[in-house]
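Protein chains: 2
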Amino acid sequence: MTLPGPLNPPPRLLMGPGPIDADPRVLRAMSAPLVGQYDPFMTHAMNEVQELYRRVFVSSYQETLLVDSTARGAIEAALVSVLEPGDRVLVPVMGRFGHLLVEIAQRCGAEVHTVQIEWGQIAPYELIADAMAKVQPKLLAVVHGDTSTTVVQPFDGLAELCARYGTLLYADVTASIGGNEFLTEEWGVDIATGGLQKCLGGPSGSAPATFSPRAVGIINSRKSIEAGIRAEGDAVAAHPIRSNYFDMSMVFDYWSERRLNHHTEATTMLYAAREAARIVLEEGLEAFQARHLLHGRAMLAGVQGLGLEVFGDLEHKMTNIVGVVIPDGVDGEAVRGRMLQDFGIEIGTSFGPLQGKVWRIGTMGFNARQDAVLTTLAALEAVLRREGFGLPAGGGVDEAYRVYAEAAA
Amino acid sequence: MTLPGPLNPPPRLLMGPGPIDADPRVLRAMSAPLVGQYDPFMTHAMNEVQELYRRVFVSSYQETLLVDSTARGAIEAALVSVLEPGDRVLVPVMGRFGHLLVEIAQRCGAEVHTVQIEWGQIAPYELIADAMAKVQPKLLAVVHGDTSTTVVQPFDGLAELCARYGTLLYADVTASIGGNEFLTEEWGVDIATGGLQKCLGGPSGSAPATFSPRAVGIINSRKSIEAGIRAEGDAVAAHPIRSNYFDMSMVFDYWSERRLNHHTEATTMLYAAREAARIVLEEGLEAFQARHLLHGRAMLAGVQGLGLEVFGDLEHKMTNIVGVVIPDGVDGEAVRGRMLQDFGIEIGTSFGPLQGKVWRIGTMGFNARQDAVLTTLAALEAVLRREGFGLPAGGGVDEAYRVYAEAAA
Chain D
1 MTLPGPLNPP PRLLMGPGPI DADPRVLRAM SAPLVGQYDP FMTHAMNEVQ
51 ELYRRVFVSS YQETLLVDST ARGAIEAALV SVLEPGDRVL VPVMGRFGHL
101 LVEIAQRCGA EVHTVQIEWG QIAPYELIAD AMAKVQPKLL AVVHGDTSTT
151 VVQPFDGLAE LCARYGTLLY ADVTASIGGN EFLTEEWGVD IATGGLQKCL
201 GGPSGSAPAT FSPRAVGIIN SRKSIEAGIR AEGDAVAAHP IRSNYFDMSM
251 VFDYWSERRL NHHTEATTML YAAREAARIV LEEGLEAFQA RHLLHGRAML
301 AGVQGLGLEV FGDLEHKMTN IVGVVIPDGV DGEAVRGRML QDFGIEIGTS
351 FGPLQGKVWR IGTMGFNARQ DAVLTTLAAL EAVLRREGFG LPAGGGVDEA
401 YRVYAEAAA
Chain L
1 MTLPGPLNPP PRLLMGPGPI DADPRVLRAM SAPLVGQYDP FMTHAMNEVQ
51 ELYRRVFVSS YQETLLVDST ARGAIEAALV SVLEPGDRVL VPVMGRFGHL
101 LVEIAQRCGA EVHTVQIEWG QIAPYELIAD AMAKVQPKLL AVVHGDTSTT
151 VVQPFDGLAE LCARYGTLLY ADVTASIGGN EFLTEEWGVD IATGGLQKCL
201 GGPSGSAPAT FSPRAVGIIN SRKSIEAGIR AEGDAVAAHP IRSNYFDMSM
251 VFDYWSERRL NHHTEATTML YAAREAARIV LEEGLEAFQA RHLLHGRAML
301 AGVQGLGLEV FGDLEHKMTN IVGVVIPDGV DGEAVRGRML QDFGIEIGTS
351 FGPLQGKVWR IGTMGFNARQ DAVLTTLAAL EAVLRREGFG LPAGGGVDEA
401 YRVYAEAAA
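First to last, the sequence lines map onto chains D and L. Here the first sequence is numbered in UniProt numbering, starting from 1 and rising by one per residue. Here the second sequence is numbered in UniProt numbering, starting from 1 and rising by one per residue.
It is worth saying that the hints were derived from the structure and are not from the lab. Virtual Cβ for every residue (Gly too), placed ideally from N, Cα, C. Among the hints, a few may not be true.
[What the hints assert, rightly or not] A short list of chain L residues far from chain D (calculated; beta carbon distances all over 12 Å):
hint, residue
1, Arg28
2, Ala32
3, Met132
4, Asp247
[To be verified] Okay, the calculated beta carbon distance ranges per label pair:
hint, chain 1, residue 1, chain 2, residue 2, range
5, L, Ala133, D, Pro9, 49 to 57 Å
6, L, Gly233, D, Tyr125, 34 to 42 Å
7, D, Arg369, L, Ala287, 42 to 50 Å
8, L, Ala133, D, Gly217, 26 to 34 Å
9, D, Pro6, L, Ala287, 50 to 58 Å
Let's have the full structure, built from the sequences with the hints guiding it.
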């Protein structure tokens, strides 16, 4: 067999639900040389990353760090570190990623209760409150922004409910963090886990996470230091966390001044996470979110201007993604194929009950930009017309321009 | 708080047990733009990576792929996907990473039996055979090259033992793959997992792994597809794998033609893994290993030429690392500190019973080079002399030169 040649990806504009085009600054940061695991530069960079992500999460929690996996792994790290077999968990399921929380909690051996909501709607506070009273769970696990439905879940009142029942509050902010308001500490969230590949504009493979002192206390009470590096007096738990890799009590030690060896930190992904947070905070978190709101509104107006129906509860729409109902008689996959092959633009499909019924168009991170929005709308119009779908000429681009003009006025 | 500045790592020559300096080609590959998760370019690149790593593992196994974690995560992925609670596992423990296998298997709920060997020695075949007869385990888990002791474990006869007792054979090749001979399929190894940050010359954060059809059969018998994407007729196991992220049956589907969504592949780490394998295979796997052998021999001769004692069984020394006994009266950490701060060169310490007693000097991947070897020896001599340790002037460099001259003759 001959060897494949040098890497040469085709030019793409990634306007789906993520990954999106990484910010070129993040990609450049990833070609920086490595240093050793305990090099003063490395441990200093780890400390910087902690401080940067405290600001992204709006959290003063000491245990704010990176999990060396994709966003999904960080969800598991949070859940498996907290949950012992038999623990009760409550999950409002409003879309695919609620199902994922259920699935992961079940694999932790937890007793999982759900509030099932129609995809595209939020979970009403009253339903969650009723279920909390019944279940009185150890953990309430909530997806903040579920890209499968484009809806963002309000967290009002959840902290008070959790306080009432001694429940920990977990939030999956993979798809929302950075681009949608999320105040970890003010909202009383004990654990939040994210990902780089959405609004933060990096590649997937590293997952920022933040843990409240209360969560850390529960996790550390389960600590068990592995035999190969255990010192006299070190903890050996009776029922240790079921995972070694995702045992956050050991990961906390690794990120602490103690620097107890666990895995070998994924240095290049840490470089990426550091640069991604710097980009957010240079712009300013509020300005960064306002930019997501603006370009998300322009994209929404644009698809409506093309005469397309929008999916889901628009009052609770994520800033960074819109669901578009695939019109009757239009082959959704053919449209996505032409967009990609002929225009180099990726838009997304959806999952489960929405598969084949909804496209998902993202405006996030580096791609929350006017040129990306207008180009996507122009291409979508062109493709739909060639697919035989009648639509107002220029209606998408015009409506987006209108949003931009109003914002500038 | 002001923001930290752009990333600006100090120049380092990383001659420890890993991570080592990533090959600049790998770093450059990591700044390539992203593509979507199901872009034809991406799925083609995934297929290329599978074929490249089949050649690195010397394995025809279909299920050869990347685990999106550091090397430690891939060990856990292998063990948790195979082991059900109560399953018997046998682990020969010759160093720190044997302890790690024990620890991970225990967290899977397995009944773990060990053969305990003095650090620095191999596990003799007879001891393993006796234990296999007694335990008759589901899995024999063996570290191939343990950087904590610098020793490489022979696999002769292990496949036959495993066949006798219906045991799966797992090998942790994190530190050995590429730089030491390892013939996955010929040696009857069912599962091998590696890492990029040692001989393969990449950053940590992605872990190549290969699974035999027999291992795949056992893992797939435990398959349970998650609710959010489950189709009619899809598998729901009674005792699913305890992890979702490391459930290899789902990861196999993701890497198969079915492309069933699991995590979002860490694209940039995949780019790195692809380039790392291309570099190995361009040189040729045998030439790549011969290069590791040569520079490892030069480094060994060099430290001996400095009058230093070498740790461990030299007959079974890994090509890519040497253990150096810290001489009486020398402050090991002071020497490492001067090497790093004054010369920009990192050498390693060790763990457990060897902590403070042994330095570890690596010659691997991009750093298995004459200039790296000679520079390290010259710096080590200079530092030891300033620390007041008497040693033959130029003795290290001279001996290394002698090895190179003999090899060239």
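Results of checking the hints against the structure:
1. Arg28: violated, 6 Å
2. Ala32: violated, 5 Å
3. Met132: holds, 22 Å
4. Asp247: For aspartate 247 of chain L, whose nearest Cβ neighbour in chain D is about 8 Å away, the distance does not exceed 12 Å, so it is violated.
5. L:Ala133 - D:Pro9: 49 to 57 Å: The hint (49 to 57 Å, Cβ to Cβ) holds, given that alanine 133 of chain L and proline 9 of chain D are roughly 53 Å apart.
6. L:Gly233 - D:Tyr125: 34 to 42 Å: For glycine 233 of chain L and tyrosine 125 of chain D the Cβ distance comes to about 38 Å; the hint holds.
7. D:Arg369 - L:Ala287: 42 to 50 Å: holds, 47 Å
8. L:Ala133 - D:Gly217: 26 to 34 Å: Violated - the Cβ-Cβ distance for alanine 133 of chain L and glycine 217 of chain D, about 47 Å, lies outside 26 to 34 Å.
9. D:Pro6 - L:Ala287: 50 to 58 Å: Violated, at about 20 Å.
Checked against the numbered hints above, the structure breaks hints 1, 2, 4, 8, 9 and satisfies the rest.
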